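So you can see what is in the structure, the chains are spelled out below.
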Amino acid sequence: MRKAIRNYAVFLGRCARIAFVGDWRYYSWMGALTVVCLLGLHAYARQFVDGLIVTGMGDEVSWGVYIANFTFLVGVAAAAVMMVIPVYIYNNEELHDLVIFGELLAVAAIIMCLAFVTVDLGRPDRFWHLIPGIGQFNFPASMLSWDVVVLNGYLLLNVHICGYLLYCRYRSRKPARWFYIPFVFIAIVWAVSIHTVTAFLYVGLGGRPFWNSSIVGPRFLASAFTAGPALIILALQIIRRVTHYHITDRALLTLRGIIQVSMLINVFLLINELFKEFYSGNLHIASSKYLFLGLDGHHALVPWIWTAITFNLIAMFLLILPVSRSLKWLNFTCVLCIIGIWIEKGMGLVIPGFIPTPLGEIVEYTPSLNETLISFGIWSFGLLCYTVFLRMSVPILQGRLNQANEGVPATVAAAREITSTSPA
Amino acid sequence: MNRRSFLRNSAVMASGFAAIAAALSPLRELKDYSSMDEFLQKYYKELTPEEMQKVLKRIENQVEREYGLRPHVRDLRPMDGVEFVYALNLTRCVGCRKCVHACVAENNQSRNPEIQYIRVLKLPHGSLNLEQADHTYAPESVPEKGYFYMPIQCQQCKNPPCVKVCPVNATWQESDGITVIDYNWCIGCRYCAAACPYWARHFNFTKPSIPKEQINPDMAYLGNRPRRQGVMEKCHFCIQRTRAGRMPACLEVCPVGARKFGNILDPNSEVSNIIRKKRVFIQLKEELGTSPRFFYYFDV
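Here the protein sequences line up with chains D and H, keeping their order. So the first sequence is numbered by the working numbering: it starts at 1 and just counts up by one. So the second sequence is numbered by the working numbering: it starts at 1001 and just counts up by one.
Just so you know, the hints here were simulated from the structure itself, not pulled from any lab data. Every value quoted in this text rests on a predicted model; they were computed, and no experiment measured them. Keep in mind that the hints are not guaranteed to be accurate.
Computed list of lysine to any residue pairs in SDA-like fashion (alpha-carbon distance at most 20 Å, straight line) [as the list claims (entries may be wrong)]:
| no. | chain 1 | residue 1 | chain 2 | residue 2 |
| --- | --- | --- | --- | --- |
| 1 | H | K1207 | D | I53 |
| 2 | H | K1045 | D | G135 |
| 3 | H | K1122 | H | F1298 |
| 4 | H | K1164 | D | S213 |
| 5 | H | K1045 | D | F137 |
| 6 | H | K1031 | D | L121 |
| 7 | H | K1278 | H | S1291 |
| 8 | H | K1207 | D | L121 |
| 9 | H | K1042 | D | W128 |
| 10 | H | K1285 | D | L283 |
| 11 | H | K1285 | D | G204 |
| 12 | H | K1045 | D | F139 |
| 13 | H | K1285 | D | P209 |
| 14 | H | K1164 | D | F137 |
Given these sequences and hints, build the entire structure.
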């Protein structure tokens, strides 16, 4: 037992140490992210002292970019399953090791989600009121309490699966199937649940007709399964370029197939929603009017949503055409998908729900500088986490960070890495 | 570790700490932090009577320190056999907004930024479409021809969506029908504000500011005691008055007698009479199933 704990401690120590070792590109990337993180931290300290008044939010639009980013990132986290399903259900060997990169992205995305929710709280010092047992947890009535459960559960599931598989690889041991396969299958269902619950957060509000629509859930999933794998395609290519980790083009094209279908469904659901809102033309379409056409001379979101729709449509056509089999075009398409869906699902979903207010007043929302800095800070922190996770896991998967070479200083291992070009 | 790497590591660490300290520097201006007692305070419904007394003392001390006068803070409980409802006569209301300002003064709301529990809408005759409402009307004198006025505040719903969504039970419905907030338990997520169909919930986006001479010292724990930054508040039917046998401030100030308040469980009360006898009354957004305890009626 003691030996097992010692081994594990050594493993963690070596992982931690290697996170501080890299070439000049690694240092400048991490340095830049750290600077933005600190700027965000500074902005948050300001908000902590003065209150949420330093944001662009008010009683009229009481949720803003924090919750918008939160919603988008829950989708990114949920999309990790789109790599897991082919591997574990269809035994796609091409994607096998890459699942870990997808799940690590999910972990980083959930960390960002939790950060975005925390900075949105008026009294972060009272977060303990949410902890079941010591606080008051309004479960199952409040959808927010469901969200707390599913997000933290998903974080634990993914940390367990990635951590266990990586540790086995480090020990050159075959992972015990019973110790991770059941969790993989739970995680697949769980991933769908995190995004459904997040959709229900909005759908359940009868007083907000823009959100109170049963299509929000399916649209959330379709857009998540587009933007998430798109992000993974880009991440995998960066990993391939900077670490010489062997990733085949066929793996990337498998993900392209997923995005293709998801984007088609996403656009189809959008058309459904637009038809229902505008054809029936009842009194409840004020928010949709505000979003797509502008309302009574207010149209802050109109250029954004049409940018999003244009990007999504271009991406959809590129995905259908064979041209997106070339990586250059695929990458371009992925960027369009990510931006389009970030706008559509973040700002395009959260803000119009508040405009007009339930009493019919129109007050527009623009994020403040302080709010924007905090958001960039959290994104940087998430990227920082993801980079560190990759910095630890790539050498383990390549076999360079292994129990067998315990005692070799991390700097030496890093030197080897720069010269080594062959795949593991 | 050799001397050079030791020096280098120390330099890196020192600059790292300096950068973090600089990033956190705004925290030096933090003045409105809560004491340990306040931070660890239990949930309202779990406080024993003795603990409640201590909490009330602490709040009185806090208010005295901050505003220079000793308030009387009570924990008033609902009375048996009482369910409060409000009735508002739309034929009479002239849109003077006296209720709005009486409410602010009575309930120690922040003056800057100003928080108001009552919003009076000016609507063209013949329509209840709130999207046509004018929120900022400011003519020489009211009422104006061709319009009617509709004051909206917390509707004290029987099925309150705000209570359902609160993740920490910081807001709940009491047996006399009033939905209250424990300002010491609210975490400030603003989910209730998103859920409320009547825009009744208002948030303290910064530390409330109230001039010392305008503080109302007659306070209740679930009512009008001063709030802190980062918590939700809303109309509570003037708990500090109505649970002690008085009428709400908005009713007392109304110059045309458009506002009626009382116990619906008492068949002889004025509100019971109104609900029984008036041919038309409105529960705002009835179709949402919130079942408000706030009724609008007409003299017909």
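Hints and how they fare:
no. : hint                : result
1   : H/K1207 <-> D/I53   : 9 Å, holds
2   : H/K1045 <-> D/G135  : 12 Å, holds
3   : H/K1122 <-> H/F1298 : 16 Å, holds
4   : H/K1164 <-> D/S213  : 19 Å, holds
5   : H/K1045 <-> D/F137  : 14 Å, holds
6   : H/K1031 <-> D/L121  : 19 Å, holds
7   : H/K1278 <-> H/S1291 : 18 Å, holds
8   : H/K1207 <-> D/L121  : 15 Å, holds
9   : H/K1042 <-> D/W128  : 11 Å, holds
10  : H/K1285 <-> D/L283  : 13 Å, holds
11  : H/K1285 <-> D/G204  : 16 Å, holds
12  : H/K1045 <-> D/F139  : 17 Å, holds
13  : H/K1285 <-> D/P209  : 12 Å, holds
14  : H/K1164 <-> D/F137  : 12 Å, holds
Every hint, counting from the list given before, is met by this structure.
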